[in-house]
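Engineer: Below, each chain spelled out in residue letters.
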Amino acid sequence: MSLDVDIQATLGRFKLDAQLQAGQGATVIYGRSGSGKTSLINAIAGLSRPQSGRITLDEQVLFDAALGINVPVHLRRIGYVFQDARLFPHLNVADNLDFGTRYADASLGKNHRKTVIEMLGIGALMQRRPGALSGGEKQRVALGRALLTAPRLLLLDEPLAALDTQRKEEILPYFERLRAQGGPPMIYVTHDMSEIVRLADHLCVLRDGKSVAQGTAEDVLADPANMKLIGVQDAGALITGVVDHHASDGLSGIRLSAGMLFVPRMAVTVGTSVRIRIRAQDVILSLSEPKDMSSQNVLPAKITAIREGASSGFAIALSCGTDRLLARITARALAQMELKVGQNIWAVLKANAMPPNAIAPS
Amino acid sequence: MILSAAEWAIVTLSLRIALVATLLSLPFAIWIAWLLARRDFFGKSTLNIIVHLPLVLPPVVTGYALLLLFGKQGPFGEVFETLFGITFAFRWTGAALAAAIMGFPLIVRAIRLGFEGVDHGLEEAGATLGASKRAVFRRVTLPLITPALLTGAVLGFAKAMGEFGATITFVASIPGQSETLPSAIYTLLQVPGGEADALRLIAISVAVSVLALAISEVLARRALQRVSGQ
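Residue numbers (numbering that gives the first Met the number 0), protein chains in the order written: chain A, 0 to 361; chain B, 0 to 229.
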């Protein structure tokens, strides 16, 4: 699958001018509310028509303003899971699920249906009406309904935004499983960083209608230039490791390329590869190896870039073994420590800065 | 209360006229309501006015217009006579036409409200699942507006049962052809000593109306529950 988007649209005072390339796996579109995320995927689905530009999916031109091509929504074979589920209220769960199957590739057959229903755990809900479902159940049915049309691409518009934290944790594993088990490629819209660490292969950052950063999730998040875009609160790099052991004192050890990282005990079996988000503001830098500290993690690192960020902060890019880290320090700290690119340094991390929702199997 | 043969004929004729009028206007009403609710086109407000004319004109004017247009010598009257063999003048068909025209704006208004109340997001969802515009209309929109359809149909039916002015102007009040409940009551009230018979018909007319309302209430409640996802 390869999706190529380059569109411009004016909606009232809002201008969308977005470029997006997406391939296999999950591409997350990240941005604040009002940054044009939904407008962008609505254009991909065909629900709205841009003023100019071009959208191609694999070899097919879905939209081309110059050539006057605009494939209607129902012929695009692009699934869409809406934030508000949008189950048909006049149909029960089974009929909602089967709504689109008659338009889908007939060769998928009953097995596909059974697999999807089992994977989503919605078999017991079949006779229920949408009004009798919880928010999480609604989203699972909506996801199943889209999957049963065998889409070439699945669009998800903040599918968890309407759910509370507990329900989010209930639904996220289904998206993770979908990604891991080779489901259709996904374009996943969110403004929640914890969903990025769990799902994103690729990341596209939207701001004020413009796609301002794009690439693998690791690259985009490790780039100090993007700190302003992502927001100083949320910015932070992704590092990878393998779960090494679970200690009896409530910590788990994760083997990184540069050493052992201790995090609060997590429910992942030893030997699993994981991805960890480390927020830039949680990283403390030290010129010498600190010994007498409560922080459990001290990792050797090297400064690769220094960039002035928002307000009085600086973004420091670090290489840490084969991983990259991002730290945020004040201008005063930068001056006092006389930090320079190429310098060796120690990165200090509290274990509690990496809660379970910042760690996900990769 | 046992109905006499003559009374029974009046009741069944009235029911037939009202039923035919309602069922025939429904498809047109759905189409016009859809145009008014969902489309922007040149002449939309003119169409809206024309649809609502029977509601605001004196019924006798509408009846006379029908007589001119659909009477024996009227342009449409002749077309229907030669093409379909349908005569309107002084027939129950004419009474049904008059009832349909008079009830039309009420049905259109109800259905239009229904269309305007449909969550467009559900129609979008239908399209992303592969349904064409027509399929979305049939499988999503129409089922969702069933409460409005029922309301419109009941309003139209009630209007048709009670229609008097346009009907009597267009097709008079001929027993067995165009003598409906209201026109029979009116005729009886014109005859000295006819009040007792008129009262019987009035009682029947009240009973029919109450029954129709009760049935529609039950159906509407069920339909509403259905489309609210319960």
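These are calculated hints, taken from the structure and not from any lab test. Please note: incorrect hints may appear among the correct ones.
[Said to hold, decoys possible] What the simulated footprint calls covered on chain B by chain A, stretch by stretch (three residues with Cβ under 8 Å from a Cβ of chain A suffice, anywhere in the stretch; the number is not a length): (1) 17 to 31; (2) 185 to 192; (3) 223 to 229.
[What the hints assert, rightly or not] List time: in silico DMTMM-like cross-link candidates among lysine to aspartate or glutamate, alpha-carbon distance up to 25 Å: (4) A:K349 <-> A:D233; (5) B:K132 <-> A:D281; (6) A:K167 <-> A:D191; (7) B:K132 <-> A:E307; (8) B:K132 <-> A:D63; (9) A:K113 <-> A:D63; (10) B:K132 <-> A:D248; (11) A:K209 <-> A:D57; (12) B:K132 <-> A:D233; (13) A:K227 <-> A:E168; (14) A:K349 <-> A:E168; (15) A:K290 <-> A:D243; (16) A:K227 <-> A:E175; (17) B:K132 <-> B:E122; (18) B:K132 <-> B:E216.
The C-beta atom is built at its ideal place from N, Cα and C for all residues, glycine as well.
Engineer: Do at least three Cβ atoms from the stretch 17 to 31 of chain B come closer than 8 Å to Cβ atoms of chain A?
Structural biologist: violated (count 0)
Engineer: Straight-line Cα separation of A:K290 and A:D243 no greater than 25 Å?
Structural biologist: 23 Å, holds
Engineer: For the pair we were handed, B:K132 and A:D248, check the Cα-Cα distance against 25 Å.
Structural biologist: With a Cα-Cα distance of about 61 Å, the restraint between B:K132 and A:D248 is violated, given a limit of 25 Å.
Engineer: What's the verdict on A:K209 and A:D57, does the C-alpha distance respect the 25 Å limit or exceed it?
Structural biologist: 23 Å, holds
Engineer: Need the status of pair B:K132, A:D63: alpha-carbon distance at most 25 Å?
Structural biologist: This hinted pair holds, its Cα atoms lying about 21 Å apart.
Engineer: Would you mind confirming whether the straight-line C-alpha gap from A:K167 to A:D191 stays at or under 25 Å?
Structural biologist: Satisfied, since the Cα-Cα distance of roughly 11 Å is no more than 25 Å.
Engineer: So if I understand the rule, the pair passes when the alpha-carbon distance is 25 Å or less; does A:K349 with A:E168 pass?
Structural biologist: Holds: A:K349 and A:E168 sit about 24 Å apart, inside 25 Å.
Engineer: Holds or violated: A:K227 with A:E175, Cα cutoff 25 Å?
Structural biologist: Answer violated: A:K227 to A:E175 is near 28 Å, above 25 Å.
Engineer: Below or equal to 25 Å on CA atoms is what counts here, so check A:K113 against A:D63.
Structural biologist: Given pair A:K113, A:D63 is violated - Cα atoms ~38 Å apart, limit 25 Å.
Engineer: Between A:K227 and A:E168, does the CA-CA distance stay at or below 25 Å?
Structural biologist: 28 Å, violated
Engineer: What's the verdict on B:K132 and A:D233, does the C-alpha distance respect the 25 Å limit or exceed it?
Structural biologist: Cα-Cα ~42 Å, so violated.
Engineer: Count the residues of the stretch 223 to 229 of chain B whose CB lies closer than 8 Å to any CB of chain A, then report whether that count reaches three.
Structural biologist: Check passed, 5 qualifying residues.
Figure legend: structure checked against the earlier numbered hints; hints not met, in rising order: 1, 2, 5, 7, 9, 10, 12, 13, 16, 18.
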